[in-house]
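Produce the entire structure from the sequences given, and follow the hints as far as they go.
Number of protein chains: 2
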Amino acid sequence: MSKKIANQNLRVAILGFGTVGSSVARVLAEQKFGGIELTHIYNRNVANKRGHANAKFVPKSVVWTENVDDILNSKVDIVIETIGGLDPIGKWLERALKSGKSVVTANKQLIAYRGAALQKIAQVNNVALVYNAAVAGGVPVIPATLQGLQGDRITRITGILNGTCNFMLSHMEEGADYAEVLKKAQAAGYAEANPSADVDGYDARAKLCILARLALHAELNPDEVPTQSISKVKLVDFLYAQQLNCTIRQISRVETDGTTVRARVAPMLVPKSSPIAWSHGTQNMVVTTGKFGGDVVFSGHGAGGHPTAVAVVSDLLAVAHGTSRVYLPTKKRSVTGEFMAPHYLRFVVKDQPGIVSAIAGALAKVGANINSILQRPGFPKDQLVFVVTTEPCPAPVVEKAMRAIGKLSFIVDTPLSLQIMTEEDKAED
Amino acid sequence: MSKKIANQNLRVAILGFGTVGSSVARVLAEQKFGGIELTHIYNRNVANKRGHANAKFVPKSVVWTENVDDILNSKVDIVIETIGGLDPIGKWLERALKSGKSVVTANKQLIAYRGAALQKIAQVNNVALVYNAAVAGGVPVIPATLQGLQGDRITRITGILNGTCNFMLSHMEEGADYAEVLKKAQAAGYAEANPSADVDGYDARAKLCILARLALHAELNPDEVPTQSISKVKLVDFLYAQQLNCTIRQISRVETDGTTVRARVAPMLVPKSSPIAWSHGTQNMVVTTGKFGGDVVFSGHGAGGHPTAVAVVSDLLAVAHGTSRVYLPTKKRSVTGEFMAPHYLRFVVKDQPGIVSAIAGALAKVGANINSILQRPGFPKDQLVFVVTTEPCPAPVVEKAMRAIGKLSFIVDTPLSLQIMTEEDKAED
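Line by line, the protein sequences give chains A and B.
Under our numbering, the first residue of the first sequence is numbered 1, with each subsequent residue one higher.
Under our numbering, the first residue of the second sequence is numbered 430, with each subsequent residue one higher.
Think of the hints as simulated: they come from the structure by calculation, not from any bench.
We put the beta carbon where it would ideally sit given N, CA and C, even for glycine.
All the given hints hold, so there is nothing to weed out.
Calculated cross-link-like contacts (lysine to aspartate or glutamate; reagent style DMTMM-like; alpha-carbon spacing at most 25 Å):
(1) B:Lys720 to A:Glu30
(2) A:Lys272 to B:Glu602
(3) A:Lys232 to A:Glu174
(4) B:Lys760 to A:Glu30
(5) A:Lys32 to B:Asp686
(6) B:Lys761 to B:Glu653
(7) A:Lys120 to A:Glu219
(8) A:Lys332 to B:Glu459
(9) A:Lys272 to A:Asp177
(10) B:Lys720 to A:Glu37
Non-contacting residues of chain A with respect to chain B, defined by C-beta distances greater than 12 Å in every case (computed):
(11) Gln8
(12) Asp69
(13) Gly85
(14) Asp87
(15) Pro88
(16) Tyr113
(17) Asp200
(18) Thr227
(19) Val236
(20) Gln243
(21) Leu384
(22) Glu399
(23) Lys407
Rendered as structure tokens:
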């Protein structure tokens, strides 16, 4: 135990006694790791939090406080942060690092936007900053990558990084529509009242940027990574996907050939034969592709109090054991979303002669070749839904054609374009 | 870099320049990690090895030797061992550790039988002993478990730990028979001329014992872990398994409830809906089950020069970064193979009246209840193959009944008994 001095315990504070913070207290109490002592808990409205079911796992000796200075100015050795968000948390953790405290955090947005800067502060102050819980919760992708795959050159990461979207899309696969599964996800506590961070891809994007830095050594600005919402995906898209032996998942991916970095978070058609299609419910999955070791698949519970607490407590133990500090050099990189892929294009039209020819013309104009045209029977003539798939081409080219097609008179609903994951893209089989 | 003194490079020796050792040299040459210098290579018949395709990646400055003392008595900092086997390697590595050298090894038999003892020698001599490559090759199960899941209490591990058996069984699933796939595996270099270590389960058993020690903190004697060969599994078993919505895989599993440790390596019927059934070809897969974090799935290339070299080089970097030394307390534990499970019993009989009644009687005598009787059409009367499945019961009970049934006059081939993985057992869905 590098930080444990003689027989003195490491003093630990938890910021935030919500789902994750209270699970951390519980895991610490039940596992009884030697040399670690929970000494402080910060939360607003402490009186209320002390009534939390997991508060019974908190030792009597712990100082509960509503004033974070009580912790930042204390002799605490390690601060565990489970509150989330950029500010004021970022400033607090910076103060903690500068006062010689190691930090364990599950804060994906903070680490995605300021991780490289905070890592430098930690390094200068000779303390640890660890955040394995920030990506994929209970699935140890970060420690596995940093410790077990650092000998490889990782060139691509493909993942299902948002359990809420996966829950929703895997339920749509079974026949529910978007509004219905959103309600179900909200009722189960998976989705917020405002579900934008999940369904629009911002949560997954933050996690993808953290993985890009640690595994591909590329510092990306999350704002530069293109995202596409899952909220436009309809039940009918799953029926057409089925015809193509695919399902639909929110896919986060980043790859580099050494010069260009491509990254994107979007719903995609995924072949049912791909491991990526295995993920059901709130599961997360990450596939890393290495030059030497090939594909490695990780899967498990990406969120939830207990799985995330396991990641937090494991980080805490790594800091205690002095095994947490691998600082890999990273570089700022710009990013593009221009993955080449076949596209799935779904149109809702008022039936009339010349529709296919007009669409084919618009696609030909941008150089996109049609691969197949699918039409299921039984739609009304004024709400006809059909699908065109293209040969591989870059997303921006297709989007340009889709904007033109969207203005045609027979179009009665905004067309949807999704990329299709191919053999080339897919993990392994 | 804890071991890198001032600007001096860490000196590294490779013992064994076969598939893995030569891949390690190549990965080191292509990745150009700073601070690490390959200085020695030991092998028998050096002249021959210098002609190896990967020898071109070996720096000119490297000392090639056929005398291991040249390395053990040198100032080398880290010894990488890729030869395998218990002796003389065990003594060599013990000498290396005692002379202050850290050791990175892929030697599963050595670590399974003597890992705990060698770890103590390493600890006393303040050097590292790391062997992530010994289990699941390129799949970083050990670092992920030690770093990322140490906060959890892992109660069960279920794995496909032998790529050769998985290659053979997944090809049998597609319609080939045992002798044919064994030849194919031998031709592809996956199986040895004497395939016993793979097909009889001894290779997987060694890996299972290593995982049991690191993840369940239970030191098992590999010789006490029951194994069942895959060599008795026939094509017809896959046809019957299919009827039960299952396939057949060589499954290594260990679990503990705190008092008893159960472990077993055997071919099992696995529901097609289980992640364990996803593994095809030479892939390895490990599912860890934790009290708090639930199931985590790891999958990838379990063997091969490059994937194993990634694990070895990652270990080397972990030693160089000083992040490799987590010594968890472990305890010697006795082991039983008595997993409760439904059983699949396959009989080949000369048809006559009273067969079912005789078999049912023998099973009833040991308290095993029949769940179903399956019989495919088209077998000749004197070689009739049919299957009985039982309700959950312990393997020894069934084996007792099977020995009795095996002596009945209508039996024309040794009956086969396989356990069936159930919802309770299976990883997640």
